[in-house]
Amino acid sequence: MIELENIVVTFNPGTILENKVLRNVSLTVPDGQFLSIIGSNGAGKSTILGAVSGETPLIRGSVKINGQDVTKWPVHKRASLAARVFQDPLAGTCGSLSIEENLALAYKRGRHRGWPMAVNNARRKIFQERVAILGLGLENRLGDSIGLLSGGQRQAVSLIMASLSDSKVILLDEHTAALDPRMALFVMDLTEKIIKEFNLTVMMVTHSMKDALAHGSRTIMLHQGEIVLDVEGEQRDKMEVKDLLEMFSTVRNEELSDDSLLLS
Amino acid sequence: MSLFAFLGTLEIGLIYGLVALGVYLSFRVLDFPDLTVDGTFPLGSAVAAAAIMAGVDPWVATLLAFLIGGIAGWVTAFLTVKCGILNLLASILTMIALFSINVRIMGRPNIALLGVDTIVTPFENMDLAALYMRPLFVFVMVLISSFFIVRLLNSDFGLALRATGVNPRMVKAQGGATNFYIYFGLALSNGFVGLAGALFTQLNGFADVTSGAGTIVVGLAAVILGQTLFPSRRVSVAIFAIVFGSVLYRFAISLALSSGMFGLQASDLNLITAILVALALIAPKLKHAKKLRQAVQKSQKEG
Amino acid sequence: MNKILTRLAVASLLVTSSLLSSTSIMAQTLKTVRVSQIVEHPALDLARKGVVDALAQHGFIQGQNLDFKFATAQGNPAIAVQIAKQYVGEKPDVLVGIATNSAQALASSTHTIPIIYAAVTDPVSAKLLKNPQKPEGNVTGLSDSSPIDQHVAMMQELVPNLKTIGVVYNPGETNSLSIIELLRKATKAQGIKLVEATALKTSDIQSATQAIVGDVDIMYAAIDNTVASAIDSMLRVTNMSKTPVFAATDNYVTSGAVASLALSYYQLGIQTGNYVAAVLNGEKIENLPAKTALSDQIIVNEKAAKKIGFSVPKSIVDRATKIIK
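Residue numbers (the numbering used here), protein chains in the order written: chain A, 24 to 287; chain B, 1378 to 1680; chain C, 921 to 1245.
Possibly wrong hints are sitting among the right ones.
Capping the alpha-carbon separation at 30 Å, the derived lysine-lysine pairs in DSS-like fashion look like this [stated by the list, open to error]:
(1) C:Lys1242 - C:Lys1211
(2) C:Lys1234 - C:Lys1245
(3) C:Lys1054 - C:Lys1083
(4) A:Lys95 - B:Lys1459
(5) C:Lys1162 - C:Lys1105
(6) A:Lys87 - B:Lys1459
(7) A:Lys100 - B:Lys1459
(8) A:Lys261 - A:Lys233
(9) C:Lys1113 - C:Lys969
(10) B:Lys1459 - A:Lys43
(11) C:Lys1226 - C:Lys1083
(12) A:Lys43 - A:Lys100
Everything labelled a hint here was simulated from the structure, so no lab data went into it. What you are looking at is a predicted structure, and each value in this text was computed from that prediction instead of being measured.
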């Protein structure tokens, strides 16, 4: 479970470039929920993930994961509770290490890293099993450098990595945005598969409204640092992209009419 | 070259093999250009010499040199991680400070250990065998250190250490405390360089504050030379390569010193080192360009 | 596989060629002398020249009955060690170590081959020998320690009512530290103030001199390798401030100091060479007491003195062994 309470994030506070990216946002994601987050650029959707992961400093507010108050925790400590997949496949993996070494790093997320060998036969077996579901033949190439893989393949491995440790929470930051359509589809299917198999709690940021509705059970929309839309259950099941768009422009139009009122 | 000179060159190549290990840890593994070593090598010398002259057991003195060398590395890490000073500059600061500290530790710029009991003394009393025992002794120390580092870098801890030098953001996302790894890596690196200084002093009978200048260059030459000869992603191969590179480098110097050979002199050393390292760095790029050219030619033929 | 073989071939070629690079085959009557120097600069080079000339005076000629080689370590103790290993391995008849680190490296590499050191200021604390009168091991030689008391007296003669002496030195050089300590004692005994400035490398000499030159009556140019390598930059500063410089070695006077009471490094080299020749002729080390080269050369540079408007007292000019006009 993820609980965000009264989150305020401001970039460049006190300067001309001051930007209130998140204005008093509160959000609760119950265990096992697959939440998709949409919004225009600059609306704050990546920042919300940053607030959970710890990469974004908060001006105010608190973050709880699985009941633990992690507001003061550094990024690497929170990683034990929440896994992440970045938008850039290169950012989420170590190019100069082998596939199995990358998996070994993910395998120990949240656990103490000590003297035992990072890659041994027992672990290799586990990695082979997990990687086999990709159907890419990587289980026979675990010793290869991960740099030899394409962006999509690396992203697929990142997903496997995210599911390797005990953490039940996963943060997906536009993780198919940098992939070509075929690969994006493959990765999205894989995402569904993994989330179902491990019963994960998910916060997925996406710029694709289609994906936002097609996957998961709840969708929120951010606009100018606030949650302006929150749909789930039956209401959401009936919605299509055009319905979302309508809602989207309604919000914007209201803003627009305010402006036009001012100007007239 | 006489047997004596051969073994002597081997010996100093192995001592600096420990320096190469240290430079490998900082420069290659952590991607941290660490000039601290120019100060840590004489620091190890100073600590060992001063301790031995004060009556401390040579083995304890050597261990002290390792630990205090580690502290020097810790200081550089602190300046970078906590104070936000650029890694190269932080290491230069520590290195400069160490010069004064080393003089303080020794009380004077030069301490002579000739005739004083050191860790090599038991071997020196073996007469003829001493000739072989000395380099053998250093070899064993380098072997143990190498095995330890290879095993460490292949462990979970070591893997995270390696990844920190490549993609720290990813390591943090995987729960790795990158700051701690930087502290640990630099401390271990400089510990080995301090150990090298302590061995040098005890094997050659003197500690001098000027013995550090150019240590980083020697270490880099060894690492780059070795890894160019034996490129591999495997840690065990890399470690063997850099120690081999260190020994090879010393033989290259011997070559330069045997004046009369191509008219080379000792004063040409720096130029030779620079050319050697530059060649070693350029070689992979030339190889890559050649492969590219071949691929283009091949596709032109087919197309 | 090919690549690995090629690389191993290159590596072994390197090792083999260094193994094969050796000195020429020696005839039985050829005597071998190997000289290891810590760094090249005028004073140490003069000492080496003195060794060569002294050997020639004793009938040892390079190419005829003498195989003489030298190498410099460029200030690097590790290279000094490599030179030592190389030369000791060649089993020469005599080894010569010029300056402390080079001598120490030689002494730790052999306890049998005779070593004559040159220009080591304090051989006892460098642990080269214990008993200067009757050296107990295989090491003896010539020290270049300065007669500091004489120097201070001479400076008092140069500058009447001398109140302050300035000195620049490199605290990283063992020799300099001993000299400075003696200088402190000597000036204190005479009630003269000593102003010190340190320079860790040659490029610091100028700024170190500038820092103190205004506060002193005379500058003392000590026997210090760093000062020796950058004496010109020191003199540039003192010429501008019109401060006279007293030299501890004759080289400095030639460069522009007004006067010196020096040991001549060339003479030191000659004395070292004499010892080398003695050993080559069969003399034992224990019969060659460790000596300090004599300082009896007074050189006056009237040209330099005139340049800064300084007049050297007649009493000194009369005793001068050489006057530069």
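Status of the hints after comparison with the structure:
| no. | hint | in the structure |
| --- | --- | --- |
| 1 | C:Lys1242 - C:Lys1211 | holds, 25 Å |
| 2 | C:Lys1234 - C:Lys1245 | holds, 15 Å |
| 3 | C:Lys1054 - C:Lys1083 | violated, 42 Å |
| 4 | A:Lys95 - B:Lys1459 | holds, 18 Å |
| 5 | C:Lys1162 - C:Lys1105 | holds, 27 Å |
| 6 | A:Lys87 - B:Lys1459 | holds, 27 Å |
| 7 | A:Lys100 - B:Lys1459 | holds, 18 Å |
| 8 | A:Lys261 - A:Lys233 | holds, 13 Å |
| 9 | C:Lys1113 - C:Lys969 | violated, 38 Å |
| 10 | B:Lys1459 - A:Lys43 | holds, 28 Å |
| 11 | C:Lys1226 - C:Lys1083 | holds, 22 Å |
| 12 | A:Lys43 - A:Lys100 | holds, 27 Å |
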